[in-house]
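Colleague: If you read the sequences in order, they're chains G and V.
Here the first sequence is numbered in the numbering used here, starting from -15 and rising by one per residue.
Here the second sequence is numbered in the numbering used here, starting from 75 and rising by one per residue.
If you're looking for bench data, these hints aren't it; they were derived computationally from the structure.
We treat Cβ as the ideally placed atom computed from N, Cα and C, and that holds for glycine.
Certain hints may be false.
Unchecked claim - Okay, the calculated beta carbon distance ranges per label pair:
no., chain 1, residue 1, chain 2, residue 2, range
1, V, 142, G, 64, 44 to 54 Å
2, G, 64, V, 113, 25 to 35 Å
3, V, 92, G, 99, 44 to 54 Å
4, V, 113, G, 22, 14 to 24 Å
5, V, 100, G, 97, 28 to 38 Å
6, G, 35, V, 129, 27 to 37 Å
7, V, 83, G, 47, 43 to 53 Å
8, G, 43, V, 113, 22 to 32 Å
9, G, 70, V, 116, 30 to 40 Å
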Amino acid sequence: NAGVTQTPKFQVLKTGQSMTLQCAQDMNHEYMSWYRQDPGMGLRLIHYSVGAGITDQGEVPNGYNVSRSTTEDFPLRLLSAAPSQTSVYFCASSYSSSSNTGELFFGEGSRLTVL
Amino acid sequence: AQSVAQPEDQVNVAEGNPLTVKCTYSVSGNPYLFWYVQYPNRGLQFLLKYITGDNLVKGSYGFEAEFNKSQTSFHLKKPSALVSDSALYFCAVRLTEGGSYIPTFGRGTSLIVHP
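All chains, full assembly: derive it from the sequences and hints.
Modeller: Written as structure tokens, this is what we have:
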């Protein structure tokens, strides 16, 4: 059981470049989300999705786009990378809805450096 | 609005001694509470959760947490610390019903267990 798979694990970009962080889960989870982790800031929610075709903004959405065309995949796109987007990115998924306790399953992270 | 506070950035404990990692929360309703652990260069892993019922919750790796509704706390505990417990620990809260079921995370507490 692969769980939540993120690629790439490491990426170096130049300012202004674009890229996509991939996230896939094989647990048939409705809810998927992207977080960034920065020293002293904990985890901050970027975007989330409660099902295919539905996405919404989290706490820090600027500079990022997402789409959810399938239940399994939730890619995060950086449109024009900036040094402030240097961070470790985590994808997480869970069963959705308020009737479920919804503990999150996390990927191993993608470390992004923007020069 | 919901929030989580982890008042200690770092907790130091000697191997074999009991450990406590503190967490307090604020929600306008009944909470689901979670603890996650993050080992170096890894994603977060679910440790335990409080849903309802017994205030003492047991989880993975010998950890337990005590829910205290009057003090709005959910402290993580272990009777005898191991060096391998050294990691970053995150507390999270979400509402059981109504409002957003998206969890809110604390900033994390670094646990260092000394040999």
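Colleague: Hint by hint, say whether it matches the structure.
Modeller: Evaluation of the provided hints:
Here the CB-CB span from residue 142/V to residue 64/G is close to 47 Å, well matched to the stated 44 to 54 Å. Distance hint for residue 64/G and residue 113/V: a CB-CB separation of about 33 Å, consistent with the stated range 25 to 35 Å. Under the hint 44 to 54 Å, the C-beta atoms of residue 92/V and residue 99/G, about 46 Å apart, fit the expected range. Between residue 113/V and residue 22/G the CB atoms are about 18 Å apart, so this pair conforms to the stated range of 14 to 24 Å.
Checked against the hint of 28 to 38 Å, the C-beta distance between residue 100/V and residue 97/G comes to roughly 35 Å, which is consistent with it. In this structure the supplied range 27 to 37 Å holds for residue 35/G paired with residue 129/V, their Cβ-Cβ distance being about 34 Å. At roughly 28 Å, the beta carbons of residue 83/V and residue 47/G sit outside the given window of 43 to 53 Å. Separation of residue 43/G from residue 113/V is about 25 Å and conforms to the stated range, judged on CB atoms against 22 to 32 Å.
The hinted range of 30 to 40 Å is not satisfied by residue 70/G and residue 116/V, whose Cβ atoms lie roughly 19 Å apart.
Consistency with the previously given hints fails for numbers 7, 9, ordered from lowest to highest.
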